[in-house]
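Colleague: What follows is each chain in one-letter form.
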Amino acid sequence: MAYVNVSRDPERNLKNGYLATSLVGMGTTLVTFAKQVFGLEESNTVQWPEVEYQYSERFKGAHFLTKRPDGRVRCTACFLCATNCPAQCITIVAGESPDKGVEKYPVRFEIDILRCVFCGYCEEACPVDAIRMGPEYSMAGLAERKWVYTKDYLLERDAVKRKVGEKQISKKDENTKHDTVDSTLPNIHAHGPGHGH
Amino acid sequence: MSNQVTLSINNQSITVPAGSTIMEAAQKLGVSVPHFCWHPGLSIAGVCRFCMVKVEGMPKLQIACNTPATEGMKVDTVSSDVKDAHKWALEFHLINHPLDCPICDQAGECELQNYYMKVGKYQSQMEDEKVLKPKALDVGDTLVLDTERCILCSRCVRFEDEVTKTSTLGIFNRGDQATIGTYQDRKIKHNYSYNLADICPVGAFTAKDFRFKCRVWFLKETKTVCPGCSTGCNVNLFQNSNQREYYRLKPRHNADVNGHWMCDTGRTMYEHLNASARLPAPLLNGETVSSQAALQAVTDTLKSVSADKVAVVLTAQFTNEDYKATLSTLKTLLKGTPKVFVWRDESEKAEDFDGILFRGDRNPNTRGMMDVFKEQGVSPVMLKGDFSALASAAAELTLIFGPEVEAGYPNLGKALSRFVEVKKAVYFGNTLNESAKKMWLRMPVKVFAEKSGTFVNFNGVAQKLKANPPVFTAVKGVDEYFADLSKMSQATL
Chain A
3 MAYVNVSRDP ERNLKNGYLA TSLVGMGTTL VTFAKQVFGL EESNTVQWPE VEYQYSERFK
63 GAHFLTKRPD GRVRCTACFL CATNCPAQCI TIVAGESPDK GVEKYPVRFE IDILRCVFCG
123 YCEEACPVDA IRMGPEYSMA GLAERKWVYT KDYLLERDAV KRKVGEKQIS KKDENTKHDT
183 VDSTLPNIHA HGPGHGH
Chain B
2 MSNQVTLSIN NQSITVPAGS TIMEAAQKLG VSVPHFCWHP GLSIAGVCRF CMVKVEGMPK
62 LQIACNTPAT EGMKVDTVSS DVKDAHKWAL EFHLINHPLD CPICDQAGEC ELQNYYMKVG
122 KYQSQMEDEK VLKPKALDVG DTLVLDTERC ILCSRCVRFE DEVTKTSTLG IFNRGDQATI
182 GTYQDRKIKH NYSYNLADIC PVGAFTAKDF RFKCRVWFLK ETKTVCPGCS TGCNVNLFQN
242 SNQREYYRLK PRHNADVNGH WMCDTGRTMY EHLNASARLP APLLNGETVS SQAALQAVTD
302 TLKSVSADKV AVVLTAQFTN EDYKATLSTL KTLLKGTPKV FVWRDESEKA EDFDGILFRG
362 DRNPNTRGMM DVFKEQGVSP VMLKGDFSAL ASAAAELTLI FGPEVEAGYP NLGKALSRFV
422 EVKKAVYFGN TLNESAKKMW LRMPVKVFAE KSGTFVNFNG VAQKLKANPP VFTAVKGVDE
482 YFADLSKMSQ ATL
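Protein sequence lines, in the order shown, are assigned to chains A and B.
The first sequence lines up with residues 3 to 199 when you count with the working numbering.
The second sequence lines up with residues 2 to 494 when you count with the working numbering.
It should be emphasised that the hints constitute simulated quantities derived from the structure, not laboratory data.
None of these values were measured; they are calculated from a predicted model.
Just so you know, not all the hints are guaranteed correct.
Listed below are the simulated DSS-like cross-link pairs for lysine-lysine, each with C-alpha atoms no more than 25 Å apart in a straight line [to be verified]:
no.	chain 1	residue 1	chain 2	residue 2
1	A	Lys153	B	Lys214
2	B	Lys190	B	Lys251
3	B	Lys214	A	Lys69
4	A	Lys102	B	Lys214
5	A	Lys106	B	Lys251
6	A	Lys106	B	Lys209
7	B	Lys131	A	Lys106
8	A	Lys173	B	Lys131
9	B	Lys209	A	Lys102
All chains, please: the whole structure from these sequences, using the hints.
Modeller: Quick look at the structure:
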């Protein structure tokens, strides 16, 4: 038979009695402790919160909203994240932007973080790379804290600036628009001034 | 039999009047043929080339919307070459479409989007850049036009030419530069403009009233009747049931009443349904009370007065069931008939008609109310600008049933200030008008969207309303209040 039995027979250890088994376990602990004290082996734990653990870039932590190169919010208030959200924790109020190139933007964008299950479906649904789940994992707070993340918080908080930095600016291309579209967005008119191609 | 033809569509046989098109026969049979430019309420244009079907004996595929059905014709709408034709026609429609569905309000009820999901090619073979066109144009007080999204089906042009006869719109330029637009210095300004947003199969026309407010997939529709005028157009009322918020009305086809359309005035009939525009609880001398306590106060007063000292002022905006309950309950409790008045706005020109749908009588149930009066043996007195008849009645208790749709009563404030003068005025209605503040008792009532009653239109067509869950759960309809009232008075006897 082509299989490997990876579980040990529980009966085998018990034959030696509980005390003997416990001592073997304690021995393992002491050996590892001694190795780490004398620097023979690297420790797997970090001294949190003095030392911050670095997750991979793909870690799905607290959300943030990305920006256009000119600093405005990238979100177009299409409601796809709110529709896709299984916890129904996203509230958006859309409004008409004075910039005709943007047309629609979120007047309010709120995430009730206590309801959020961090599934990442919002990020997945977004057609314009406007919402991302960031590297921030330490979100604990006291009861009086505001647990609904507002648009400003999602866009401008310090933790995101520190950890994401320039990557908060989405590099996604804008649709090219007709010359009559009155907009201050850079590079949306195909033959506009200061534009190469 | 010569004026009937029998054809078969997908081997199902159907008999239609001679001169009908394949499209009409297919609709009758319930076979869906994809289409953009064909609309049952407009003339046939045959420009979108999307409704291709295979007709036996014809060398090429034919468009279903403009091919007359003939005797013994064999039509196929499902074979692979028909599907292939749909796929390619859609590819051509999408060549210059901007695909800005995320910000387009039509997304979710867009025919282009739906057919793309159904028969789209998914991988475009176009290599050239899209042709850019003007976007977000202001074409009137009600509509925004995005010429990039337009697929040039010409439904809107035909609507303007045939239904409203205003001819504001046209297709300008040629080839891939062709755009829809208004003629110079003309704006779309008529009372049927929102129909353009309805019939637009894509998001080229979007309604300013609804734009960006809610995504259509959050909305649930209720089939009901518009309370805006005595035509009684059949409508779908759209509510976001999670928010208990109403967003819009759209016409529902009924050949006997409104055809395919409805007017812009009717489209505003969702505004007074939402919580912010309504009285949430009864007010007795300006103090909020429970409806139980309010009804008790009415019962006590009713017991102490005789029938000729009770006046009832009715507006024709309630259902037949409401009128019946009111009049029969009062007759039983008072052992006599109270004085009945009908309140019409003084500016009303009931016989006005705009030639399409909208009527001067801004009450949905004038005819039904009159029928109930006849049935109950009541002869009402008209109050129109002149309230002296009510004053001379010197009633001890006056029950006023105010209009639900205040737009039809421009002199509402004036009338209300007259009603305040009478002794013990009970006002059934949701008005937040300042003049109503001094009423003895104000009872909030259910609106048309929350009732299941009957409206009888100007033509005598009785139509049922369909009830949604109420916005304020404690608020009841007039008929329910009067049922409670009769129960309470019997209990205390």
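Colleague: Holds or violated: lysine 153/A with lysine 214/B, Cα cutoff 25 Å?
Modeller: Distance of about 18 Å is within 25 Å: holds.
Colleague: Within a Cα-Cα threshold of 25 Å, do lysine 209/B and lysine 102/A meet the stated pairing?
Modeller: 15 Å, holds
Colleague: Given the hinted pair lysine 173/A and lysine 131/B, is their Cα-Cα distance within 25 Å?
Modeller: Within the cut-off at roughly 21 Å; holds.
Colleague: Are the Cα positions of lysine 106/A and lysine 209/B separated by 25 Å at most?
Modeller: Given that 25 Å is the threshold and the Cα spacing comes to 13 Å, the pair holds.
Colleague: Compare the distance between the alpha carbons of lysine 214/B and lysine 69/A with 25 Å, and conclude whether the hinted pair is satisfied.
Modeller: 23 Å, holds
Colleague: Hey, lysine 102/A versus lysine 214/B, does the alpha-carbon distance stay inside 25 Å?
Modeller: Holds. Lysine 102/A to lysine 214/B sits at ~17 Å (cutoff 25 Å).
Colleague: Take a quick look at whether lysine 106/A and lysine 251/B sit within 25 Å of each other, Cα to Cα.
Modeller: Distance of about 24 Å is within 25 Å: holds.
Colleague: Quickly compare the C-alpha distance for lysine 131/B and lysine 106/A to 25 Å and report which way the hint goes.
Modeller: The given pair, whose Cα atoms are some 22 Å apart, holds under the 25 Å limit.
Colleague: Holds or violated: lysine 190/B with lysine 251/B, Cα cutoff 25 Å?
Modeller: Holds, because 19 Å separates the two Cα atoms, which is no more than 25 Å.
Going through the hint list in order, the structure satisfies each hint without exception.
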